[in-house]
Amino acid sequence: MTLLDVENLKVHFPLGHGLTIRAVDGITFSIEKGETLGLVGESGCGKSTASRALIRLVPAKSGSVRFGGQDILTLPDDQMRAMRRRLQMVFQDPYGSLSPRLTIGQIIAEPLEIHRIGTGRAEQEAKVSSLLEAVGMSPSVLRRYPHEFSGGQRQRIGIARSLALDPEFIILDEPVSALDISVRAQVVNLLQDIQSQRGISYLFVGHDLSLVRHAAHRVAVMYLGRIVEIAASQELYTNPQHPYTRSLLASVPVPDPTRRRTRSPLKGDPPSPVDIPSGCRFRSRCEYAQPICAEQDPELLPVVVADVAVAGHRSACHFANNLPMWTEK
Amino acid sequence: MPEELLSIENLTVAFPPARKGGNVTPVVKGVSLTVGRGETVGVVGESGSGKSMTALSILRLLPEQGRITEGTIRLESTDLLALTEKQMRGVRGGKIAMIFQDPMTSLNPVFTVGDQIAESVRLHRGLSKRDAWDEAIQALRRVHISLPERRASQYPHELSGGMRQRVMIALALASEPQVLLADEPTTALDVTVQAQILALLEELKRETGMGILLITHDLGVVAETCDRVLVMYSGQVMEAADTRSLFASPSHPYTQGLLASLPEMAPEGATRLAIIAGQPPISGEIKEGCPFRTRCPKYMPGTCERPLPTAWLSEGHRVHCHLYPETANV
Chain A
1 MTLLDVENLK VHFPLGHGLT IRAVDGITFS IEKGETLGLV GESGCGKSTA
51 SRALIRLVPA KSGSVRFGGQ DILTLPDDQM RAMRRRLQMV FQDPYGSLSP
101 RLTIGQIIAE PLEIHRIGTG RAEQEAKVSS LLEAVGMSPS VLRRYPHEFS
151 GGQRQRIGIA RSLALDPEFI ILDEPVSALD ISVRAQVVNL LQDIQSQRGI
201 SYLFVGHDLS LVRHAAHRVA VMYLGRIVEI AASQELYTNP QHPYTRSLLA
251 SVPVPDPTRR RTRSPLKGDP PSPVDIPSGC RFRSRCEYAQ PICAEQDPEL
301 LPVVVADVAV AGHRSACHFA NNLPMWTEK
Chain B
1 MPEELLSIEN LTVAFPPARK GGNVTPVVKG VSLTVGRGET VGVVGESGSG
51 KSMTALSILR LLPEQGRITE GTIRLESTDL LALTEKQMRG VRGGKIAMIF
101 QDPMTSLNPV FTVGDQIAES VRLHRGLSKR DAWDEAIQAL RRVHISLPER
151 RASQYPHELS GGMRQRVMIA LALASEPQVL LADEPTTALD VTVQAQILAL
201 LEELKRETGM GILLITHDLG VVAETCDRVL VMYSGQVMEA ADTRSLFASP
251 SHPYTQGLLA SLPEMAPEGA TRLAIIAGQP PISGEIKEGC PFRTRCPKYM
301 PGTCERPLPT AWLSEGHRVH CHLYPETANV
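Which chain is which? The protein sequence lines are A and B, in order. When we follow the working numbering, the leftmost residue of the first sequence carries the number 1, and every step to the right adds one. When we follow the working numbering, the leftmost residue of the second sequence carries the number 1, and every step to the right adds one.
Looking at chain A on its own, in the form it has when it is part of the complex (with noise of 0.2 Å):
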């Protein structure tokens, strides 16, 4: 069933002097009920406004954002704010995003008190406490302070906090990026765990690529405002087919000394999304561009195998399906 649907999203940021961002420039994905579609670019790629529009915490210039049959874009502001309780967010940075004068019970509550759910004292402390345990911390810890904490522990309270309202989404903009190595492991299984108990789906944001093929069903790639990939997430990084996802791929470090790659890395840095190339977005940087990648702009089309599409497959370059073989590192 699908619970997100986003169809044609754009976000434009008007600079003055006729010139305008492209942030995101049209964008159309879904995500199913207790799906988690990974959402991966390069820094400045659109990712995170993306996210962020999809919850109106900034505006979008045109499309729709349909959940549960509604378009959150153009939702009066009193239904918008029910709304908000279906829809939450955990933050890449988890010393930045609890307030460091509130206690754990305190930041866990607000959500409650802000939407007057459960307003008996017991009956809040009750929640709070059944919200600590979800995310495998202690609920004797209700009274102390954020800096108490490690950054670990702090994003299992931020995650507890997004779960307060039982929403049926939540976006997940970096969730470990600024955690210690060893405690990445755990907060991505405790996601992984809270969505197979609650069925909740996730627009997983990340830039760290294996772990986001590990942690999403599917993946999106973006790229200067666009999505330029979308498949399965086993199909993506084995049979990519735009070369932007390629390169993006063969950048990552392989954690395997004897596998050490021949380095031919991406050349130079994305164009800016105020002057965006005509035809394919990705032509300046990319090695098989040809003539007719600076006159069309290619779509998103469903990737073909011996003439079957591949289901959930799709690609936005003029030769998807024509690219060299892709040998996994």
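Fair warning: there could be bad hints in the mix.
Restraint ranges, calculated between C-beta atoms of paired labels, are given here [to be verified]:
#  : chain 1 : residue 1 : chain 2 : residue 2 : range
1  : A       : P302      : B       : H157      : 42 to 48 Å
2  : B       : Y155      : A       : P302      : 24 to 30 Å
3  : A       : Q197      : B       : G278      : 22 to 28 Å
4  : A       : P277      : B       : Y299      : 55 to 61 Å
5  : A       : R144      : B       : E149      : 29 to 35 Å
6  : B       : D102      : A       : L102      : 27 to 33 Å
7  : B       : P267      : A       : A82       : 41 to 47 Å
8  : A       : N8        : B       : D102      : 33 to 39 Å
9  : B       : D102      : A       : M325      : 37 to 43 Å
10 : B       : E315      : A       : S130      : 54 to 60 Å
Covered stretches of chain A (chain B as the covering partner; in silico rule of three or more C-beta atoms under 8 Å from a C-beta of chain B) [as the list claims (entries may be wrong)]:
#  : region
11 : 174–185
12 : 211–217
Treat the hints as calculated values from the structure; they're not laboratory data. Think of the CB as a built atom: it goes at the ideal place given N, C-alpha and C, for glycine as much as any other residue.
Starting from the structure of chain A, add chain B where the hints point.
Here is chain B on its own, set in the frame of chain A:
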């Protein structure tokens, strides 16, 4: 073994107690390492492992109150801890240069990048203003910055993150250092730019024969770039080996846990990652014995509280863990 450039022996760094009557907190304890000519040595660890403090000790740039209480640090035959502050200034940014995670805070925002490189060249190599400027442009060209004449006149904020990191490297290398200390040089960068910067460091190392001490938390980066590696936890070295041995036969339970928890190590389709239970200790929390024992699946009560032994498993591969009996260096 390559010719030894930098050698640290039994380094201990401590901070005075926060309160009167409190205990002195060692943040680095008994660390020994060497970096040879043309060699990249990695130091892996998480926050609080002491990896950055080790690097800062080399330049004697510890935060105020931090003291080197034990050990020696040598650059070739020079004892760095015996130098006067004035002599040390010639070493910093001269024979030993350092690059950091965030180039924006290391570059001066009010000078052009060309001026900043030229200043270093004049200071360390005594060139004239004009020659120093030419040298700055050369330095930018060496790190593959396009249109170096134009870039030299730009300010740091006008450059992308990857380009700023290239400028930092150009700045560090302008004094022709023998050793480069690189503290998480690619952590703030995208993977594509990280790949460019790592390739650049490798190329410059081959050209100049400098030794690199690479501080990182990323085992993938270690596997791709380092000849040897030390794994640190809570201020102490847990294991040290050549990179291939470390990945092929990790021997300390912490190293084993770290490698096993990587998503790349999870079998295809596995839903759970292997984990290391618990949280890293707060600095100074553990006084004696193995700092990893509170999280170790092989914890032996009564034994792991004793000081760490050194066991040599093969040439260059040592592990500091009570599971392995103390041995002499092979």
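Results of checking the hints against the structure:
no.	hint	result
1	A:P302 x B:H157: 42 to 48 Å	43 Å, holds
2	B:Y155 x A:P302: 24 to 30 Å	47 Å, violated
3	A:Q197 x B:G278: 22 to 28 Å	23 Å, holds
4	A:P277 x B:Y299: 55 to 61 Å	58 Å, holds
5	A:R144 x B:E149: 29 to 35 Å	58 Å, violated
6	B:D102 x A:L102: 27 to 33 Å	29 Å, holds
7	B:P267 x A:A82: 41 to 47 Å	43 Å, holds
8	A:N8 x B:D102: 33 to 39 Å	37 Å, holds
9	B:D102 x A:M325: 37 to 43 Å	40 Å, holds
10	B:E315 x A:S130: 54 to 60 Å	55 Å, holds
11	174–185	holds (count 6)
12	211–217	holds (count 4)
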